[in-house]
Amino acid sequence: KLCEGILNILDKDTKTSCQVACLEALRILSRDKKVLVPVTTKRNMQILMKLAKLDTVEDPLERVSEFPVIVEALKCLCNIIFNSSVAQKLSLELNLAAMLCNLLQKCQDRQLVDDIKCFDLRLLFLLSLLHTDIRAQLRQELQGMQVLTQALESSLSVRWTEEYKAAEDRDRPPLSLQETDCAIEALKALFNVTLDSWNVHSKNESHQFRYMAAILRHCLLTTGPTEEKTEELH
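Counting in the working numbering, the sequence shown runs from 260 upward without gaps.
Incorrect hints may appear among the rest.
Claimed, not checked - The calculated BS3-like cross-link candidates involving lysine-lysine, where the alpha carbons are at most 27 Å apart (straight line), are: (1) K301 to K271; (2) K309 to K348; (3) K260 to K348; (4) K462 to K447; (5) K292 to K309; (6) K365 to K292; (7) K274 to K424; (8) K271 to K293; (9) K424 to K447.
Think of the hints as simulated: they come from the structure by calculation, not from any bench.
Modelling step: build the complete structure from the supplied sequences, incorporating the hints.
Structure, rendered in structure tokens:
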């Protein structure tokens with residue numbers, strides 16, 4: 260009942276501070292699988308997707324005041340999808356992966372969106388891990404490999420000297436914690452999307468794999484903010 264009450268409040272036009280507080284409470288509650296059973300419905304998923312700005316294809320990310328709401332809504336979706344097989348099935352029906360790819364592309368070259376990008380990537384990782392149909396959809400329909408590789412490239416701030424050769428800067432400072440976390444989530448999602456890629460059939464696929472390999476090499480030469488984070492990144 261508490262979760263349902265929170266979602267009913269979130270379905271109304273409430274203040275940003277109220278939305279964030281409700282989402283934080285829902286995120287904590289959504290760690291319990293038993294709590295999720297009565298609230299994992301198509302309507303409730305759509306409420307969270309709307310708050311995460313996943314229902315708007317054209318609208319850019321402009322209102323910085325809304326960013327905390329987007330991040331918390333994505334965190335809630337991560338918990339719900341991880342803990343609920345019903346939510347995993349609804350994700351395919353609601354075309355959640357396509358919406359996440361669209362939001363991820365909006366995050367490219369934008370300031371102050373690292374948290375949004377990181378949890379978008381984490382949600383793509385979870386979907387591609389837990390639902391084989393979504394994994395196939397990402398690879399075949401949504402150009403997931405290209406979108407995720409570009410997200411990884413952006414997180415690592417890769418500069419190119421040749422088509423498949425990244426610039427090596429030995430004096431480059433370590434990545435920030437947010438940049439490192441985004442890169443790690445992108446790598447995890449990329450692993451799932453390319454897991455079944457035993458054969459490369461097209462020229463474009465060959466290009467994508469060579470492009471990704473160059474970025475992975477650059478990643479191995481990159482350090483994170485701590486020794487532990489660098490190890491996790493590698």
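Hint check:
1. The straight-line distance between the Cα atoms of K301 and K271 is roughly 17 Å, inside the 27 Å bound, and the hint therefore holds.
2. Taken as a hint, the K309 and K348 pair is honoured in the structure, with Cα atoms around 18 Å apart against an allowance of 27 Å.
3. This hinted pair checks out: K260 and K348 have alpha carbons roughly 23 Å apart, not beyond 27 Å.
4. At roughly 25 Å between alpha-carbon atoms, K462 and K447 fall within 27 Å of each other, so this suggested pair holds.
5. Note on K292 and K309: the hinted pairing holds, with a Cα-Cα distance of about 23 Å set against a maximum of 27 Å.
6. Distance restraint check for K365 and K292: the Cα-Cα separation of roughly 32 Å exceeds the 27 Å cut-off, and the hinted pair is therefore not satisfied.
7. With a C-alpha separation of about 48 Å, the suggested pair K274 and K424 falls outside the 27 Å cut-off, and the hint is violated.
8. Taking the CA atoms of K271 and K293, the gap is about 26 Å. The hint holds against a cut of 27 Å.
9. With a C-alpha separation of about 23 Å, the suggested pair K424 and K447 falls inside the 27 Å cut-off, and the hint holds.
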